[in-house]
Amino acid sequence: MTRFFRSAGLAALIAVGALAAQAETTLKFAHPVPETDLQQNLALEFKRIVEERTGGEIKVQIFPNGQLGNDQQMIDGTRSGIIDVTLVGLNNYTGLVPDAGAFELPFIFPTREIAYKVLDGAPGATVAAEMEGSGLKLLGYGENGYRNMTNNRGPIRVPDDLKGLRMRVNNSKALNDMFNLLGANPQQLPVAELYTALETGVVDAQDHPIGIVWSFKFNEVQKFLSLTQHAYSALGMTMNKARFDGLTPDQQAAITEAAAAAIKMQRGLVQAKEEEMISELEGQGMQVIRDVDVAAFQAAIRPVWDTYVAENGDALLKQIEEATAK
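FYI, the numbering for the sequence shown is 85 to 410, going by this note's numbering.
Check before you lean on any hint, since a few could be wrong.
Stated by the list, open to error - Label pairs and their in silico Cβ distance ranges:
#1 Glu-359 x Ile-198: 16 to 22 Å
#2 Ala-380 x Arg-237: 17 to 23 Å
#3 Thr-284 x Gly-330: 26 to 32 Å
#4 Gly-352 x Asp-377: 40 to 46 Å
#5 Asp-329 x Arg-237: 49 to 55 Å
#6 Gln-368 x Ala-409: 24 to 30 Å
#7 Thr-280 x Glu-406: 42 to 48 Å
Keep in mind the hints are simulated off the structure, nothing from the lab. For glycine and all other residues, C-beta sits at the position ideal for the given N, C-alpha and C.
Turn these sequences into a full structure, and let the hints guide you.
This is the structure in structure tokens:
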């Protein structure tokens, strides 16, 4: 009998220990931008909903401002399980999933509504499925926003205004091809190094959505902001797939529902605050150019689309066209 009670007691302790371990589950959530950026709002809302929906069984610890590495390092960390959730520009996933490059093509999304329809529909699901082969569970597409150009030389209104500019670019092949085509001198640099590169003249131009220009204070080292809106940049919010698969069905539902709600909230904030940010940048001395010849840019960059199709086929572009028409 004594042996029985000892065994029962041990089993109870193990069960309690397992429950305690479950209650103490903490997800490490990393992103590359300052806490003033709206991506932090997304992370905070995700944390709030997950912790509320799971009754504290899952906690979320946020690491902003590239604390856990640059974009690629955070993706690699998420694939290996060192990081649980990562939010970075979708362009950073194109090395793993080349099809994601279709969403980076210049002028592919004429409106945000079309972008959301595509990303939240079949084309976005196609890319999400391809990510799983790399150990990533896509939780959704946040919004970085429409990219615009800043520089120190003068207003950019037509394609010829880019000739000779040392333009910082990210690792999007489509955008690199675009700036090469338009006569700029594209140079890839991590965003963490960009302020200093602009300040010291290593590069004299860059392109980013308004929120990034504002949160990184690029207006302090750039004179001109041209509202070219030449490309829509989505964010890829991903989780280590094995970590996700190891959760209970209820916990998985809490994660996916929290991600969807946080992304919806963040998209709305980006739209609501964009004009306010532009006004603030203008008020701090930045010259804002609104009379951009968008049609001229659209005509000039068409070969970039042709290159993408030649290298990747047009299957995803057809999916995008079908989703847009619905």
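If I claimed the Cβ atoms of Ala-380 and Arg-237 lie 17 to 23 Å apart, would that claim hold in this structure? Holds: the Cβ-Cβ distance is about 19 Å, inside 17 to 23 Å.
Quick one: are Asp-329 and Arg-237 within 49 to 55 Å, going by C-beta? Between Asp-329 and Arg-237, where Cβ atoms are some 51 Å apart, the hint holds.
Is 42 to 48 Å right for how far apart the beta carbons of Thr-280 and Glu-406 are? With Cβ atoms ~44 Å apart, the hint holds.
Distance restraint evaluation - Gly-352, Asp-377, Cβ atoms, bounds 40 to 46 Å: Roughly 30 Å apart at Cβ, these two residues miss the hinted range, so it is violated.
Is the gap between the beta carbons of Thr-284 and Gly-330 within 26 to 32 Å? 47 Å, violated
Range agreement (Cβ of Ala-409 with Cβ of Gln-368, hint 24 to 30 Å): Check failed, 42 Å falls outside 24 to 30 Å.
Is it true that Glu-359 and Ile-198 lie within 16 to 22 Å of each other by Cβ? Holds - the Cβ-Cβ distance for Glu-359 and Ile-198, about 20 Å, lies within 16 to 22 Å.
Consistency with the previously given hints fails for numbers 3, 4 and 6, ordered from lowest to highest.
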